[in-house]
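I would like the entire structure built from these sequences, with the hints used as guidance.
Protein chains: 6
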Amino acid sequence: MSNTSPSPALSHIDETGKARMVDVGDKANTQRTAIAQGGVRMSAAAFRLLSAANNAKGEVLGTARIAGIMAAKRCAELIPLCHSLPLSFAGIDFITDEAACSITVRATCRSDYKTGVEMEAMTACSIAALTIYDMCKAADKGIVLEQVRLLYKSGGKSGEWRAPDA
Amino acid sequence: MSNTSPSPALSHIDETGKARMVDVGDKANTQRTAIAQGGVRMSAAAFRLLSAANNAKGEVLGTARIAGIMAAKRCAELIPLCHSLPLSFAGIDFITDEAACSITVRATCRSDYKTGVEMEAMTACSIAALTIYDMCKAADKGIVLEQVRLLYKSGGKSGEWRAPDA
Amino acid sequence: MSNTSPSPALSHIDETGKARMVDVGDKANTQRTAIAQGGVRMSAAAFRLLSAANNAKGEVLGTARIAGIMAAKRCAELIPLCHSLPLSFAGIDFITDEAACSITVRATCRSDYKTGVEMEAMTACSIAALTIYDMCKAADKGIVLEQVRLLYKSGGKSGEWRAPDA
Amino acid sequence: MSNTSPSPALSHIDETGKARMVDVGDKANTQRTAIAQGGVRMSAAAFRLLSAANNAKGEVLGTARIAGIMAAKRCAELIPLCHSLPLSFAGIDFITDEAACSITVRATCRSDYKTGVEMEAMTACSIAALTIYDMCKAADKGIVLEQVRLLYKSGGKSGEWRAPDA
Amino acid sequence: MSNTSPSPALSHIDETGKARMVDVGDKANTQRTAIAQGGVRMSAAAFRLLSAANNAKGEVLGTARIAGIMAAKRCAELIPLCHSLPLSFAGIDFITDEAACSITVRATCRSDYKTGVEMEAMTACSIAALTIYDMCKAADKGIVLEQVRLLYKSGGKSGEWRAPDA
Amino acid sequence: MSNTSPSPALSHIDETGKARMVDVGDKANTQRTAIAQGGVRMSAAAFRLLSAANNAKGEVLGTARIAGIMAAKRCAELIPLCHSLPLSFAGIDFITDEAACSITVRATCRSDYKTGVEMEAMTACSIAALTIYDMCKAADKGIVLEQVRLLYKSGGKSGEWRAPDA
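Residue numbers (our numbering), protein chains in the order written: chain A, 1 to 166; chain B, 1 to 166; chain C, 1 to 166; chain D, 1 to 166; chain E, 1 to 166; chain F, 1 to 166.
Keep in mind that the hints are not guaranteed to be accurate.
Label pairs and their in silico Cβ distance ranges [unchecked claim]: (1) D/Ser158 <-> A/Ala99: 52 to 60 Å; (2) C/Glu160 <-> D/Ala28: 54 to 62 Å; (3) F/Thr16 <-> B/Gly17: 51 to 59 Å; (4) D/Asp165 <-> C/Ala45: 36 to 44 Å.
In silico BS3-like pairs for lysine-lysine, Cα to Cα no more than 25 Å straight-line [to be verified]: (5) E/Lys157 <-> D/Lys27; (6) F/Lys27 <-> C/Lys27; (7) A/Lys27 <-> C/Lys157; (8) F/Lys157 <-> F/Lys27; (9) E/Lys157 <-> E/Lys27; (10) F/Lys57 <-> A/Lys27; (11) B/Lys57 <-> B/Lys157; (12) F/Lys27 <-> C/Lys157; (13) A/Lys27 <-> A/Lys157.
None of these hints come from the bench; they were simulated from the model.
Keep in mind that this is a model prediction, so the values were computed, not measured.
Beta carbons: idealized from backbone N, C-alpha and C, even for Gly.
Written out as structure tokens, the structure reads:
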């Protein structure tokens, strides 16, 4: 279940040491999934404002969800060596931890394509988290994005991968 | 030096509880700076590949720098309630910690405008870090983006702010 | 020929009531067509200027056509829950009604993909119409975009659909 | 209060009959506001789904609001001869008419700049309305965008303008 | 009239040898103009098709003009170290040389800003020329973009500059 | 090996003389390659600065490579009648000619799609060359982009094509 390719290498560096896009022309389309996760931890005061009247948390998370989904679709414009690809799905979920004053952002992307959607999920998660930061920064500029990372991927030659603790 | 506005509130939620862009029409242009920072921690094996022959690390960080700078300029396209603004500067620096197998990404943005550039710096930092992830993920899918946060801001009505430990 | 699915539902709202992108991973590629139409009605004075010397109408409609085609290609960047997809065709036609001082904008989009191109056609039609507004607004700020709607779609599981009066 | 400039002309057509961007280099910055409005009329069945459980209407309108605000910021990318400009505010409001199965979309944009923000408001209104269409089209493909038009503008040399019936 | 700054240097490389955006925070806004020019030379057969019935040349050049103007506005998204700036004007002119089967593309950009608009003019000229290539390549894949270069700039600290033969 | 289609025509002009996107709905996916090339010629003084200490040339070319690859992915946003398509590869190579003070930019694009990738290669080459111009213009505003053209294409109905002297 782990990534045990015998000779890992930096596929984005060519033999002359230059950055390159990987040529996926010979790869087959397969169903790809990737799930990325990150945390947004804020002060107790900011978290209380989020949870107060007027459904503030709903609006913040709703806006962050849309931002994350839209960012997934534009990932290849942002990450220089990523391939443009047609996503069949991008979704964002949130888990709120009141005790820790923290919101976990989870992004799921899927495609039936020649290359994986890890970057789409990682980018969607990051932009959703940044949107939460943006909408709460008036109450706490010290909000931290914690541990943005890949939880899971499947599809392609390297198959399924799961974060050790996921 | 801390953000001690007496009544913090979620400026991006209006009185009816809906998400909104803040109206900055009455604000004056002032010189704004923001510095954001985040870490990219990878496995020892991946870090060794980065440091191996062929200047791989230089290429990866050079590509990440460009990605971060370009993302700073497009921040308002990604973060729904951010204002478009003309950046006078966007820059990315890296600090490598060999012992920790970690790269610190620091993004600095400046503008002479009516609203701050915190989101530009946070977004630039995140996209640069994601680019490092992308270019190294063939060697380690478990790379983690750690502690993306604001270190410093100045300008505007709320003036200077510094992260407690910065 | 009408849309008679027995249990219509808001496919973009999930079971918990949140906005979502529809997962099209299990859908097959089929030839999709969509045609959208809208009107641009202006004052007689503005319409006369359009029809005056120098081929003004040709330039305005030529510019609007290009704007509409380009917008069709970028629909998924604008409409949050739309899928990116490769259009095989996007085209814009105009029908001028001198008596009514009105221009009908018709947008046709096609794709061989898993989801329909209604939004691409609707967006192309709207942006072409807005471009006409932009180029004529110096003569008439009261120009109205009328009745932007879908005329026809084909392809996919729901098959062919035609507006009742189309 | 009406637009009575003595010799209206198509400012976007030059003396040789070609499309052009207006040169605003000699204009002064002034506070500009524009308000645009349009309607989205759907079937009673679709409207009932919107108003059903799970806050569907809230999610649809919340998503449309974000789409409209983001489109306002990207107007100059879509409308060929529009100037890029820094918006100080973009906002979207909705008025629901249960009897008419219709939602009115109102977009307000403001800028302190050399040219007006009519196109930003018209584009924001259109994209918000198209987003409602997108999210409800599974229930009614025949939804109509009605009467997208400018209600009000102020600022600049031509000053204030109000739609005759606004 | 030539660029005789005593110690030219690569302003986009910092003291440690890394690519950087120039910080224009201390520069004053001044009226800036830049004019760039390039040629598009094609086969006689392709050029004849352009000049044939149906106003083909008018459509091709009209489309190229719009493409060039739109590219000028998006220059900072394409050229990594360029600053986003508000253009007050972008225009494209064409000069056709029947004997040489060549079209000269001239792009003019203006801004009242802290940094020059040379890149906006060079990019607009290139994208307009590429659009001509695109629309004529079915008749001649060997069309050449020749001598894209700056003809003139004014404004800013370095003042006026004119190409030696312009 | 040459493009000898018996009746060349301007495929982007329809029978009524209007610009149009070609409908590729009936074309089959085939492996497509295109290679474009252009030169960047600068003054001896500017070229010396590039070759001086601190790896300036490496940074400039590294930045230009990233700009070119990113532009290839966004070609359809820039060239009005181009189709969006998923590139399987985009790469940029440079050949430096010290004697001529010139850098040759070569762009290679590949896709398995219904239409060719000539425009992607031409656009990537142009934007990479413009990036070199941008980063060296402080030392020489008179840098010239020379002879941007297609060297080679393969795939599709028209098959292989090679520039006469390539």
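Those earlier numbered hints the structure runs against, lowest number first
Numbers 4, 7, 10, 11, in rising order.
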